[in-house]
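**Q** The chain contents come next:
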Amino acid sequence: MNHKEETIRVVNLETGYNSKKGATVITRGINASLYSGELTCLLGPNGAGKSTLLKTLTAFLSPIKGEIFIEQKPLREYSDAELSKVIGVVLTEKLSLNNMSVEELVGMGRSPYTGFWGRMNENDRMIVDESITLVGIENLKGRMIQTLSDGERQKVMIAKALAQETPIIFLDEPTAFLDYPSKVEIMQLLQRLAREKGKTVFLSTHDLELALQIADKVWLLDKPHGVTIGTPEDLALNDDMSRYFYREGVEFDRESGLFKISHKLDQAVRLIGEGARYNMVKKALARQGIDVVDADDCDVEIETTDNCYIMNGKEVPSIEMLLDMLNLYCK
Amino acid sequence: MNRKTTMLLMLLLCLSIMAFLILNLLLGTVKIPVKDVIDILLGNDVDNRIWTNIVMKSRLPQSLTAAMAGAGLAVSGLLMQTVFRNPLAGPSVLGISSGASLGVACVVLLSGSIGGVALSKLGVIGEVTITLSAIIGSLIIMGLIAFVAQKVKGNVTLLIMGVMIGYIANAIIGVLKFFSAEEDIRAYVIWGLGSFSRVSGGQTTVFIVLMLILLPIAFFLIKTLNLLLLGDSYARNLGLSIKRARLLVIGCSGVLVAVVTAYCGPIVFLGLAVPHICRGLFHTSNHATILPASLLGGASLALLCNLIARLPGFEGALPVNSVTALVGAPVVMWVLFNKRKNEI
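Listed in order, the protein sequences are those of chains A and V. Read left to right, the first sequence gives residues 1 to 331 (this note's numbering). Read left to right, the second sequence gives residues 1001 to 1344 (this note's numbering).
Hints are supplied without guarantee of correctness; some may be wrong.
In silico EDC-like links for lysine to aspartate or glutamate, alpha-carbon gap of 20 Å or less [stated by the list, open to error]:
hint, chain 1, residue 1, chain 2, residue 2
1, A, Lys-197, A, Glu-5
2, V, Lys-1243, A, Asp-80
3, V, Lys-1004, A, Glu-104
4, A, Lys-282, A, Asp-297
5, V, Lys-1153, A, Glu-5
6, V, Lys-1004, A, Glu-5
7, A, Lys-85, A, Glu-5
8, A, Lys-183, A, Asp-216
9, A, Lys-94, A, Glu-104
10, V, Lys-1057, V, Asp-1036
11, A, Lys-260, A, Glu-209
12, A, Lys-85, V, Asp-1047
13, A, Lys-55, A, Glu-82
14, A, Lys-94, V, Asp-1047
15, A, Lys-197, A, Glu-209
16, A, Lys-4, A, Glu-165
17, A, Lys-55, V, Asp-1232
18, V, Lys-1243, A, Glu-82
19, A, Lys-264, A, Asp-234
20, A, Lys-260, A, Asp-234
21, A, Lys-141, A, Glu-104
22, V, Lys-1057, V, Asp-1047
23, A, Lys-141, A, Glu-82
24, V, Lys-1243, A, Asp-299
25, A, Lys-283, A, Glu-209
26, V, Lys-1243, V, Asp-1232
27, A, Lys-282, A, Asp-266
28, V, Lys-1153, A, Glu-301
29, A, Lys-314, A, Glu-301
30, A, Lys-4, A, Glu-71
Calculated from the structure, these hints are not laboratory results.
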């Protein structure tokens, strides 16, 4: 375990929007801390106020009430210039930018440190190179931004945040719009940055499964409950998880600490066997609303062997055919 | 694009300016031998006094005015496109040139109907008055836009506000025209055609000096402009004060348009087209490159337009605006046709 320090403390925070008609409060009574070296995920349904909370923490929005301390100093006492050296952000908004190379864009992360003309010195260039290497996008260096895929672009923006050399990095849904392997890659990258560089990484996401597997801490945000914080495992054991994300057809599996789709099971067959084939058959049957039991009184008996499936004494080569036969049988 | 190619292109732009400048001095309705033009420029005595007058009092000031005006409009257009993150933003879009027109319209059209003096007949005093009224008109509109910029958040909102303010200015001009004497309207219409040759004598020097002061100011904004490319949120996160940046960029751009419009009338398309041409040439959005490139490109293109407008055969000279539109409009269309996914 690496050494961790409190980098952000939030006291009695109320987030929302100030307008002429008065304040619209979205979340009340947030008391929490973020630590260096940790990856924290902000989870919650749409409209729960995730973006508002992130914007408030990055000073894009001012809090309605309460105080945010960043490295012991109140957020409102930071100037834009000071803050740019403490917090780096990666946003969801797509860059309406083209004809700029990856290297140049990452170089923009050095802006808080460069002088009046924005010219980079040796040191700046070295940091840009390091950031690019750290994210693993050396091969993209000379590419133009508009030619990148969403995942590549996301990595470039993370490299920009790294070049900014801020102890804290906030990311607003960094895994949205990405394919599954890219989602995993980005999350692992962020986790590695937290671990190796001691950064405080805080991100909002809708990718529950990933967040629960990779996050050190989870902030659950919900309109009626406010914020609940803990490790994914604690939250799972406390039933906070299932309460937050309760929906018809979704079930929180306390065994694995992950969500799964629950099927209504109104039929049963006998299934004999073990290992991956056994589990896959069980999964496929569950999708059809069929439960598996280990009792003698079933009409159907399926056995899984090393290379095939046996249904009521007949050999079946694939699960697809197995399901077809079951269908016929039921009719 | 590497440094070498960039420098080479810049050099080519400089050479094109030189070439067009020389052609502008050599070509015209009156044929003057090359040798004599060189002698006149070097200050040597030439037998033909008329030739000396044509080169020194007409062709040279006109060419220099064209180059400066083109540079100013192109830089101003680039600034607008960056700050509004809109490829179709240009000096005329924000209503700043409409402001100049309004100023001129007020003075030209009202002086006749109220004061009883046709300004068009007052010579130099008339010219200075027109220039001043154009500057005042555009600065007032610019002040209005800058004020609005502090109040509204989105750039699109601001852009629409600018366009609306432009419409209002044009509507007022329409009303003024309705009540004006015919010869005043004529004077106003001629101003509205735009020309690099309207400025004469000492005023040319004033204009060139003004531009030489204003243009370098834009270079102080390079870092700000590059940050603005990233969008407000990212720019702010990198330490940029958005409101101040917007004010500075709009202000700088507005003053440039105001001065150019005051001296040359509303010149269309150059400000919109040149930044696009330069982005196409240099394949970069980095203002450290694209700003000087637009400056040079603007000067070069304006000189070319001026040359075309005065080509032998077009005796009596075409209105510059027709030429800039003929060159500029296809460029804008080309940009739109080539628009790839997410580009511009």
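**Q** A separate judgement is required for each hint: does it hold in the structure or not?
**A** Hints, verified against the model:
1. This hinted pair checks out: Lys-197 (chain A) and Glu-5 (chain A) have alpha carbons roughly 13 Å apart, not beyond 20 Å.
2. For the proposed pair Lys-1243 (chain V) and Asp-80 (chain A), the alpha carbon gap of about 12 Å is at most 20 Å, so the pair holds.
3. Simply put, Lys-1004 (chain V) and Glu-104 (chain A) have alpha-carbon atoms about 17 Å apart, close enough for the 20 Å limit, and the pair holds.
4. Using a Cα cut-off of 20 Å, the hinted pair Lys-282 (chain A) and Asp-297 (chain A) holds, with the two alpha carbons roughly 18 Å apart.
5. Of the supplied pair hints, the one linking Lys-1153 (chain V) and Glu-5 (chain A) is violated, its CA atoms being roughly 37 Å apart against a limit of 20 Å.
6. Distance restraint check for Lys-1004 (chain V) and Glu-5 (chain A): the Cα-Cα separation of roughly 48 Å exceeds the 20 Å cut-off, and the hinted pair is therefore not satisfied.
7. Proximity of Lys-85 (chain A) to Glu-5 (chain A) is assessed by CA-CA distance (about 18 Å); at most 20 Å being required, the pair is judged to hold.
8. Using a Cα cut-off of 20 Å, the hinted pair Lys-183 (chain A) and Asp-216 (chain A) holds, with the two alpha carbons roughly 17 Å apart.
9. With a C-alpha separation of about 17 Å, the suggested pair Lys-94 (chain A) and Glu-104 (chain A) falls inside the 20 Å cut-off, and the hint holds.
10. Taking the CA atoms of Lys-1057 (chain V) and Asp-1036 (chain V), the gap is about 15 Å. The hint holds against a cut of 20 Å.
11. Using a Cα cut-off of 20 Å, the hinted pair Lys-260 (chain A) and Glu-209 (chain A) holds, with the two alpha carbons roughly 9 Å apart.
12. Restraint check for Lys-85 (chain A) and Asp-1047 (chain V): not satisfied, since their Cα atoms lie roughly 70 Å apart, outside the 20 Å limit.
13. For the hint linking Lys-55 (chain A) to Glu-82 (chain A), the alpha-carbon distance of about 17 Å falls within 20 Å, and the restraint holds.
14. This hinted pair does not check out: Lys-94 (chain A) and Asp-1047 (chain V) have alpha carbons roughly 67 Å apart, beyond 20 Å.
15. Distance hint between Lys-197 (chain A) and Glu-209 (chain A) is unfulfilled; the C-alpha atoms sit about 25 Å from each other, more than 20 Å.
16. Distance check on the hinted pair: Lys-4 (chain A) and Glu-165 (chain A) sit about 18 Å apart at the alpha-carbon level, within 20 Å; holds.
17. For the suggested pair Lys-55 (chain A) and Asp-1232 (chain V), the alpha carbons sit about 13 Å apart, so the restraint of at most 20 Å is met.
18. Using a Cα cut-off of 20 Å, the hinted pair Lys-1243 (chain V) and Glu-82 (chain A) holds, with the two alpha carbons roughly 17 Å apart.
19. Using a Cα cut-off of 20 Å, the hinted pair Lys-264 (chain A) and Asp-234 (chain A) is violated, with the two alpha carbons roughly 28 Å apart.
20. For the suggested pair Lys-260 (chain A) and Asp-234 (chain A), the alpha carbons sit about 18 Å apart, so the restraint of at most 20 Å is met.
21. The suggested pairing of Lys-141 (chain A) with Glu-104 (chain A) holds, with an alpha-carbon distance near 9 Å, which does not exceed 20 Å.
22. Between Lys-1057 (chain V) and Asp-1047 (chain V) the alpha-carbon distance is near 17 Å, which keeps this suggested pair within the 20 Å criterion.
23. For the proposed pair Lys-141 (chain A) and Glu-82 (chain A), the alpha carbon gap of about 29 Å is over 20 Å, so the pair is violated.
24. For a cut-off of 20 Å, the pair hint linking Lys-1243 (chain V) to Asp-299 (chain A) is broken: about 75 Å separates their Cα positions.
25. For a cut-off of 20 Å, the pair hint linking Lys-283 (chain A) to Glu-209 (chain A) stands: about 18 Å separates their Cα positions.
26. Of the supplied pair hints, the one linking Lys-1243 (chain V) and Asp-1232 (chain V) holds, its CA atoms being roughly 10 Å apart against a limit of 20 Å.
27. A threshold of 20 Å between alpha carbons decides the hint, and for Lys-282 (chain A) with Asp-266 (chain A) the separation of about 14 Å falls inside it, so the pair holds.
28. Distance restraint check for Lys-1153 (chain V) and Glu-301 (chain A): the Cα-Cα separation of roughly 68 Å exceeds the 20 Å cut-off, and the hinted pair is therefore not satisfied.
29. A hinted pair counts as satisfied when its Cα atoms are at most 20 Å apart, and Lys-314 (chain A) with Glu-301 (chain A) qualifies at roughly 10 Å.
30. For the proposed pair Lys-4 (chain A) and Glu-71 (chain A), the alpha carbon gap of about 13 Å is at most 20 Å, so the pair holds.
Hint violations for this structure: numbers 5, 6, 12, 14, 15, 19, 23, 24 and 28, all remaining hints satisfied.
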